[in-house]
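**Q** Residues per chain, in single letters:
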Amino acid sequence: MSNRTQLTVSPGPHVRSKESTSNIMFNVVLALLPTTLTAIYYFGSSALMLIIACSITAVATEALFQKLRGIPVTIGDFSALVTGLLLALTLPPELPIWMAIVGSIIAIALGKQVFGGLGYNFFNPALVGRAFLLASFPVAMTTWKLIDVTSSATPLGADNPTAIALKDLFLGRVGGSLGETSAVAIILGGLYLLYKGYIDWRVPAGYLGTVAVLTTFVGKGGPIFHLLAGGLMLGAFFMATDMVTTPVTKKGRWIFGIGCGILLVIIRVYGGLPEGVLYSILLMNMFVPIIDKYTLPRAFGEVKING
Amino acid sequence: MLTLWKDFVKGLWKENPVFVMLLGMCPTLAVTNTATNGLAMGLATSFVLLGSGIVNSLVKRLIPDEVRIPSFIVIIATFVTIVDYSAKAYVPAIAESLKLFIPLIVVNCLILGRSESFASKQPVHRTIADALGMGVGFTWALTFLGIIREVIGFGTVFRGTSLAIQVMGEWFQPWLIMVLPAGAFLTLGTVLGVMNYFKNRAASVKVDLQDSTGESCHTV
Amino acid sequence: MGKEKIDIKLIVVLTSIMIISALVLSLVYQATTPLINEHAAQAKKEAILDVLPGAVKYEKLEKGGLELYQGLDEAGSPVGIAFQHEGNGFQGTIILMIGMDVENQKLLKVKILDQLDTPGLGARMAEEEFKGQFQGKSFSDNFVAKEDVDAIAGATISSQAVSNILKDAIATVEQAYSGGE
Numbered sequence: 001m002s003n004r005t006q007l008t009v010s011p012g013p014h015v016r017s018k019e020s021t022s023n024i025m026f027n028v029v030l031a032l033l034p035t036t037l038t039a040i041y042y043f044g045s046s047a048l049m050l051i052i053a054c055s056i057t058a059v060a061t062e063a064l065f066q067k068l069r070g071i072p073v074t075i076g077d078f079s080a081l082v083t084g085l086l087l088a089l090t091l092p093p094e095l096p097i098w099m100a101i102v103g104s105i106i107a108i109a110l111g112k113q114v115f116g117g118l119g120y121n122f123f124n125p126a127l128v129g130r131a132f133l134l135a136s137f138p139v140a141m142t143t144w145k146l147i148d149v150t151s152s153a154t155p156l157g158a159d160n161p162t163a164i165a166l167k168d169l170f171l172g173r174v175g176g177s178l179g180e181t182s183a184v185a186i187i188l189g190g191l192y193l194l195y196k197g198y199i200d201w202r203v204p205a206g207y208l209g210t211v212a213v214l215t216t217f218v219g220k221g222g223p224i225f226h227l228l229a230g231g232l233m234l235g236a237f238f239m240a241t242d243m244v245t246t247p248v249t250k251k252g253r254w255i256f257g258i259g260c261g262i263l264l265v266i267i268r269v270y271g272g273l274p275e276g277v278l279y280s281i282l283l284m285n286m287f288v289p290i291i292d293k294y295t296l297p298r299a300f301g302e303v304k305i306n307g
Numbered sequence: 001m002l003t004l005w006k007d008f009v010k011g012l013w014k015e016n017p018v019f020v021m022l023l024g025m026c027p028t029l030a031v032t033n034t035a036t037n038g039l040a041m042g043l044a045t046s047f048v049l050l051g052s053g054i055v056n057s058l059v060k061r062l063i064p065d066e067v068r069i070p071s072f073i074v075i076i077a078t079f080v081t082i083v084d085y086s087a088k089a090y091v092p093a094i095a096e097s098l099k100l101f102i103p104l105i106v107v108n109c110l111i112l113g114r115s116e117s118f119a120s121k122q123p124v125h126r127t128i129a130d131a132l133g134m135g136v137g138f139t140w141a142l143t144f145l146g147i148i149r150e151v152i153g154f155g156t157v158f159r160g161t162s163l164a165i166q167v168m169g170e171w172f173q174p175w176l177i178m179v180l181p182a183g184a185f186l187t188l189g190t191v192l193g194v195m196n197y198f199k200n201r202a203a204s205v206k207v208d209l210q211d212s213t214g215e216s217c218h219t220v
Numbered sequence: 001m002g003k004e005k006i007d008i009k010l011i012v013v014l015t016s017i018m019i020i021s022a023l024v025l026s027l028v029y030q031a032t033t034p035l036i037n038e039h040a041a042q043a044k045k046e047a048i049l050d051v052l053p054g055a056v057k058y059e060k061l062e063k064g065g066l067e068l069y070q071g072l073d074e075a076g077s078p079v080g081i082a083f084q085h086e087g088n089g090f091q092g093t094i095i096l097m098i099g100m101d102v103e104n105q106k107l108l109k110v111k112i113l114d115q116l117d118t119p120g121l122g123a124r125m126a127e128e129e130f131k132g133q134f135q136g137k138s139f140s141d142n143f144v145a146k147e148d149v150d151a152i153a154g155a156t157i158s159s160q161a162v163s164n165i166l167k168d169a170i171a172t173v174e175q176a177y178s179g180g181e
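Quick mapping for you: the protein sequence lines, in order, are chains A, B and C.
For the first sequence, the UniProt record's numbering puts the final residue at 307, and the numbers step up evenly by one.
For the second sequence, the UniProt record's numbering puts the final residue at 220, and the numbers step up evenly by one.
For the third sequence, the UniProt record's numbering puts the final residue at 181, and the numbers step up evenly by one.
Which residues of chain C face chain B? A partial, calculated answer using Cβ under 7 Å:
#1 L14
#2 I17
#3 S21
#4 L25
#5 P119
If you're looking for bench data, these hints aren't it; they were derived computationally from the structure.
Keep in mind that this is a model prediction, so the values were computed, not measured.
Even for Gly, the Cβ is constructed at its ideal location relative to N, Cα and C.
All chains, full assembly: derive it from the sequences and hints.
**A** Given below as structure tokens:
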């Protein structure tokens with residue numbers, strides 16, 4: 001009787017894959033390492049503290065909630081760790097630790113667990129945490145301080161964006177959140193995930209491409225500046241590509257990426273906020289069910305209703 | 001006497017208008033950014049509840065069914081207008097902070113709901129007990145939400161009144177989101193979630209007990 | 001026949017409820033209106049005297065279609081004019097009472113009468129730290145947040161909104177004065 005579970009009868013397809021949630025998530029953590037290390041290199045111990053605090057809190061919150069809900073604790077799958085790490089990378093380095101802890105609790109509790117846990121959340125949990133923090137502590141969340149560089153505002157908030165050398169933006173010598181400083185580190189991680197096939201190139205391509213095209217015509221600074229500045233790289237490679245909160249179809253992912261890009265340019269150029277990566281992705285997250293509904297191909301032989 | 005007591009206490013917890021029946025969500029979400037606003041809104045609503053309940057219960061036999069609801073609405077609106085004028089005349093500061101939410105008590109479904117489901121069927125003394133219970137239940141719920149949001153959103157309780165207390169220390173930075181509309185939804189949702197969690201746990205304990213004594217659990 | 005009877009009863013009942021309701025409300029109205037008006041007048045008086053330091057009373061002044069309040073000190077000499085002006089804030093209309101010294105081309109004091117901006121951010125415009133900076137500000141200044149106006153941290157839009165209303169108010173009053181002469 002004990003081996004009854006080994007004789008599961010289930011409908012096909014019966015393709016087996018080595019891939020598991022923990023495997024994928026572990027690779028995401030790996031891909032985030034360059035960015036994390038760059039952040040610690042540039043911002044020192046304050047960045048390290050934020051990263052540790054967010055990661056521990058996120059994992060602990062996940063464990064606590066799963067215990068309370070009486071379901072198996074799955075913190076071994078690294079997904080909570082990824083959320084904590086991603087959230088930490090969107091925070092400004094001077095943020096008080098307790099705010100980061102609050103953000104991590106909100107990210108896991110309100111962004112993920114209340115919807116039913118991994119796979120059921122509508123919004124990217126890390127972005128929910130950041131949105132909460134941004135609405136709660138707008139001043140602390142938008143105060144940037146940087147070692148040895150004179151600029152005190154995030155490049156997108158600067159009055160004359162072109163004055164900031166693009167080379168600095170690329171290498172990370174600019175003010176900003178932990179993970180949005182160095183484009184090169186993020187691209188490195190992003191390429192690794194693309195190579196492993198864990199993220200779909202269509203989302204970052206649609207997102208970045210749309211931003212590049214649109215900023216050629218509107219706004220100041222030009223496309224290269226807009227691509228490198230702010231959290232766009234981090235958002236495009238690590239947040240917009242979240243498997244749970246993006247459409248499942250290829251066409252849907254194009255729509256998703258392009259939609260994010262359009263929203264981002266609207267917010268950056270015409271909106272009252274300096275940065276729009278957060279809201280562009282969260283807003284498009286809401287459209288995912290609709291995009292899925294209209295882009296899912298019909299099964300062979302299925303008849304269009306009211307055709 | 002027991003009936004009257006039952007009519008009164010059910011509004012406090014078991015049939016709490018906010019936390020159980022989810023009635024009157026508009027003022028619940030809109031004016032609970034401070035404890036003072038929550039309390040004032042609760043008291044204003046309680047007064048309308050009591051006044052219109054008494055009158056509606058008294059006149060229920062005189063009113064034909066066809067015009068029952070319009071009549072109730074006129075009576076409710078009368079009491080709301082009384083509250084509106086009185087608040088502006090005697091407590092202008094509170095009237096200023098509640099603004100148009102006082103006139104909007106007219107459309108608070110809790111009031112028409114109680115008039116329809118209770119006052120129009122029960123004698124006056126029971127209606128009074130019911131209205132008082134519902135009023136107290138509504139008031140404590142709004143004040144409770146107001147205290148949570150104010151403590152986290154401003155770090156104070158009853159700010160701007162002589163009762164004002166600074167709850168949080170110097171280190172504390174107010175969570176602005178809590179006093180914004182989003183904070184109302186988050187607070188209410190969290191409170192409801194926590195309440196349901198404990199209710200479900202209590203209920204499942206009951207089922208376990210019944211199981212162990214060999215009774216059927218179909219009744220639960 | 002029966003149907004007609006019901007119709008009449010409906011009308012009678014509804015009408016009498018209306019009449020009683022109207023009666024009650026007119027009594028309440030009579031009792032509370034003087035108090036309400038008094039509060040409003042008191043609030044206005046306080047606001048006007050507040051933005052005109054040194055004034056103990058004021059008189060209404062019509063100039064170029066504007067309603068202005070001329071503040072007078074103990075000796076009866078004018079100390080400046082108060083003007084109520086409004087404009088768009090971050091979330092709703094901001095209403096200001098503005099004290100001006102038209103002779104010397106500068107602002108005296110500003111009071112926020114009403115605003116709906118974000119609590120803890122834009123709403124801090126009512127704090128002395130922000131509105132106090134307009135005291136003695138010259139009419140010819142630029143009124144640009146983060147330049148000659150210190151913006152509230154995290155609320156540049158609200159800060160600019162107040163500055164815009166002030167700038168607009170100055171232009172309005174100046175025009176009224178030049179047109180009146």
